[in-house]
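Student: If you want the building blocks of each chain, they are given just below.
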Amino acid sequence: MMGALAVSLPLLLWMIGFSGIYGLHGATCATGGTPLSVGLPAVVAVTAALQIGLLAWILLGAPRQLPTFQRRLSRTLAFVASAATLWTGVPVFVLPLCA
Amino acid sequence: MTPRLGPRRSRALQLHRKLITVWSAPPGWRGWLVTTNNNDIGLLFLGVATAFFVIGGLLAMLIRIQLATPRSAFMAAETYSQIFTMHGTVMMFLFAIPFFEALSILLLPGMLGTRDMAFPRLGAFGVWVYIFGGSAVIVAMIMGLAPDGGWFMYPPLSSTAFSPGIGADVWLLGITSIEVSAIAAAVEVVVTVLRYRAAGMSLARMPIFAWYMLVVALMILTAFPPMILGSVLLEVERALGWPFYRVEEGGDPLLWQHLFWLFGHPEVYIIFLPAAGMIGTILPVMARTQILGYGWVVAAAISLAVLSFGLWVHHMFATGIPQLGLAFFSAASTLVAVPTAVMVFAWIGTLWQGRPVMHLPMLWILGFFATFVIGGLTGVMLAIVPFDWQVHDTHFIVAHLHYVLIGGYVFPMIAAVYYFLPLLTGRHPQFRLGRIAFWVTVPAFHLTFLAMHWAGLLGQRRRIATYEAEQGWEAINFSASIGAFALAIGFALVILDLGLNAVLAPRSRRNPWAAGTLEWAVPLPSPVYGFGAIPVIEGRAPLDMDPALPHRIARGEGYLAGADRHRRETLIVDTATGAPAQVAVLPGNSILPFLLAIVTSLSFLAPLFGAHLVSALALVGVAGLAVFWAWTSGRKVDEGPVDAGLGQILPTSHEVPDPPGWWGSLLLLLADGVHFGSLLFGYAFLWTIAPNWPPPSWITPGLVGPILAGGGGLALMFGPRRTVRAISRSQPPRTGLALTGVGVLALAAAAGWMLRNGPDPTSHAFGATVWLLAGHVLLHAVITLIMLGFLALRIWRGYTSPRRNGEARILQLWADFTAVTGLLALTAAWAPGAFA
Ligand code: HEM
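For the record, the sequence lines run as chains A and B. Per my numbering, the very first residue in the first sequence carries number 646; after that it's consecutive. Per my numbering, the very first residue in the second sequence carries number 241; after that it's consecutive.
The hints are simulated quantities; they were obtained by calculation from the structure and are not laboratory data. In this text, a Cβ means the ideal position worked out from N, Cα and C, and glycines have one as well. Be careful, since some hints might not be right.
One-sided excerpt, in silico: chain A residues whose CB lies under 10 Å from chain B [to be verified]:
id	residue
1	Phe-663
2	Leu-685
3	Arg-717
4	Leu-718
5	Val-725
6	Ala-729
7	Val-735
Covered by chain A, per the in silico footprint, the following chain B stretches (three or more residues, Cβ under 8 Å) [unchecked claim]:
id	stretch
8	433-444
9	536-545
10	671-678
Some chain A residues well away from chain B (every beta-carbon gap over 12 Å; in silico) [stated by the list, open to error]:
id	residue
11	Ala-690
12	Val-691
13	Leu-705
14	Gly-706
Given these sequences and hints, build the entire structure.
Tutor: Right under this line is the structure:
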């Protein structure tokens, strides 16, 4: 169970965050920008924080005790997910919201 | 005089005889109708998929004849539209997906060291549905009823206003039935890979192809449901006039694009990953080494699968999404390049460290490399948004797509078929004609599609039947057409060569390629039962570690040697460690899958001809047969743990809390959940994005509905749990069953209550959505009720006991799902009215 969680959670979180941000963005622009416009960067930041937290748990928490293969796999995927979260989140901070 | 066999040979022969009687299908054509064995089913699947490839190829030839000369009068523009739509549809849905499913049904059990797939009858059902659905689509085309809206069927072009007649319906219903079969195969693959393996095959020791197929199957379970939803919405709009895609009434055609590409982009990887899995399997053997960076490759496959879902909107760069939205998807597009690169480096590294031999499979893999690199480059060009705008909808896109599909998929699949041919035919391929075929195909391919890239850059639009002589495209198009014919000849030679090799080549010895994985541990051609005994393995390449393993397996050294209990048995293992956990008892030959496929297809296809009554009757037939199907498995007495060999005593799969059916249900519900999630997404999308919202009125929840729903949902969660507990303690389960029944009826009543004063589904997309949400609740209520009745009957007839409580746990799973999604659906429908 722990193995399954450690392997699947990080990328799932990326996916949920990414879809959430996309949805929120659509809603934000459809409703004319406010009041959700502060929300978008905040959501990105929260997702990133959660992702880093997850990474820390996988590196330092219980998944350390998994068999070698699952441990390495979950670590790699956690790094991938963190990088993906940051990479796909950056545009929120540098581009105009609804132009 | 008969030769005297040594005691070991004769032991192997005895086992073989026993196993053959238990596992074989009856001889002759009847055998094909009732067989459920993966060898037979896989072969049938493969043959039919190849036939569809030939049909798709013939259509491609028609396209190229038309485009060979300017102002061609070969066919009318309307016919051309039908032909390219059918070419794309046949290739994508009737060839590409089924072909790799066929290979995995054929090969996975051998690779994993087990005797069959987890759900043999489900596999057979999937194949028949595919054959019927696919044939119906082809027949419709021959009758001139083909769809003509392009293989992705964008509304409003595919709506009744612009596509009257039944062409579009043929597409929607035919393709949806094929998706149903793909989901069946995916469920089967996941459960097989996770649980049906050789003893000791931990996750780290799984063959690389099994990892890829696990990932692909999970992708199918999550990517197909949005597409099915999209098709359902479009079909409902066309048949009943519910305006999901009509802007004037609160719909939005962009919703289709989202749902389609939510499927469509992962689809590209769903097609590419099995090919990559095959390369990862074949390349190391051809290079006489082990795959480099196994763990990295697994991680890359998983990452690619998930990241590719972020790409759906990149197909819609040209639809006017804000700049920031585009940036997200440009970011996601560049992201998937990383895992792809990891795989490519792993392959190159494998080649580097090995000593490759140029057998024919290897040659095709090199053909893949050459082609794929170019295809990947043009793909990166397309990920750059301004460039995409420039070449959008030109032959550049068509050429790119074929580089990826033919170079990245068809070539590796040909390599795979050559590589595994000895397993299927027992003969070792001789390659003279095969080499000629290769050297015709690959250059012809490049001629064709390089020319098409060029035509696209010059501005030739796709899906247009003619062009003018002044445009200066004649030479290019003519070359492309010549190339296409040479390409077709090349493919025909490949098929001819394979056919000749299957009947004429000399008999092969065991493991002709000196591979290390278990599928080569069997005698050739692979017998129906696969392994004489389920082996115990200690590494990723068991045959390298122990070359005598095949003989030991044949002599019955391992688990479940022979078939002493006169039924089909194989091992179920712990997912992570591969430790033996249960003895799976598999069903034998059965006509049920074939019959169920007939009624299922009928229920899909009858509406095309307005025969709604037939369709309804067929649906009743589906339910009846499904219940009968379930009834035929299970036991009336406790058998207790059985001897699994090697001193292990294990419970059978009938007497565990998590039988294979439980796992299967869990995965089916995953797909169902994604389908439901997509419905909620569609609702939210229309509400926030579509013009002409809010609707004229919301619906007010009142008190009765929510109370019924809340109470019903609770009872539905509580009832099955009580039932399971009662069965496990040998107590009468009446209360639990009754509670479940009351719960499901109350939930259904709540949905009915909502519709009683609900909005008109034809006047606004909101009304249509509310009806669809209610429909979801009612459908699942009916399913739960049928399962409940079934369980009650089973309990009454003595099919349950504290050991045999798996069926009650399956009901619990479905009831939970019905309750949770039902409450969500009703809340979503009521929420706006409650807050307004
Ligand atoms: C045998 C060699 C093939 C040739 C010569 C060929 C040729 C073509 C051409 C010329 C078109 C463009 C028609 C137009 O837009 O006007 C096309 C479209 C297409 N082809 Fe192929 N093709 C071949 C094989 C394949 C294969 C193997 C696949 C998939 C596995 C495939 C999938 C598609 C798809 C999805 C489309 C788009 C259809 C649409 O626009 O709706 N093709 N093909």
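Student: Work down the list of hints and note, for each, if the structure agrees.
Tutor: Here's how the hints hold up against the structure:
Against a cut-off of 10 Å between C-beta atoms, the interface hint on A:Phe-663 holds, since the closest Cβ of chain B lies about 5 Å away. Here the hint on A:Leu-685 is kept, as its CB sits about 9 Å from the closest CB of chain B, short of 10 Å. With its C-beta approaching chain B no nearer than about 6 Å, A:Arg-717 sits inside the 10 Å limit, and its interface hint holds. A cut of 10 Å between beta carbons decides the hint on A:Leu-718: the least distance to chain B is about 6 Å, and the hint holds.
A cut of 10 Å between beta carbons decides the hint on A:Val-725: the least distance to chain B is about 5 Å, and the hint holds. Hint status for A:Ala-729 relative to chain B: holds, with the closest Cβ pair at about 6 Å, below 10 Å. Restraint check, A:Val-735 versus chain B: the minimum CB separation of about 7 Å is within 10 Å; hint holds. Chain A is given as covering the stretch 433-444 of chain B, and this holds because 3 residues of the stretch bring a CB closer than 8 Å to a CB of that chain, at least three being needed.
Here the stretch 536-545 of chain B counts 5 residues with a CB under 8 Å from a CB of chain A, which clears the bar of 3, and the coverage holds. With a threshold of 8 Å between beta carbons, the proposed coverage of the stretch 671-678 of chain B by chain A is violated, since 0 of its residues qualify and at least three are required. The Cβ of A:Ala-690 sits about 16 Å from the closest Cβ of chain B, beyond the 12 Å cut-off, so the non-interface label holds. At the 12 Å boundary, the C-beta of A:Val-691 stays outside the reach of chain B, the nearest C-beta of that chain being 17 Å off.
Once the 12 Å rule is applied to beta carbons, A:Leu-705 is consistent with being away from chain B; the minimum gap is 20 Å. Look at A:Gly-706: its CB is around 18 Å from the nearest CB on chain B, clear of 12 Å, so calling it non-interface holds up.
In summary, the structure is inconsistent with hint 10 from the numbered list given earlier, while agreeing with all the others.
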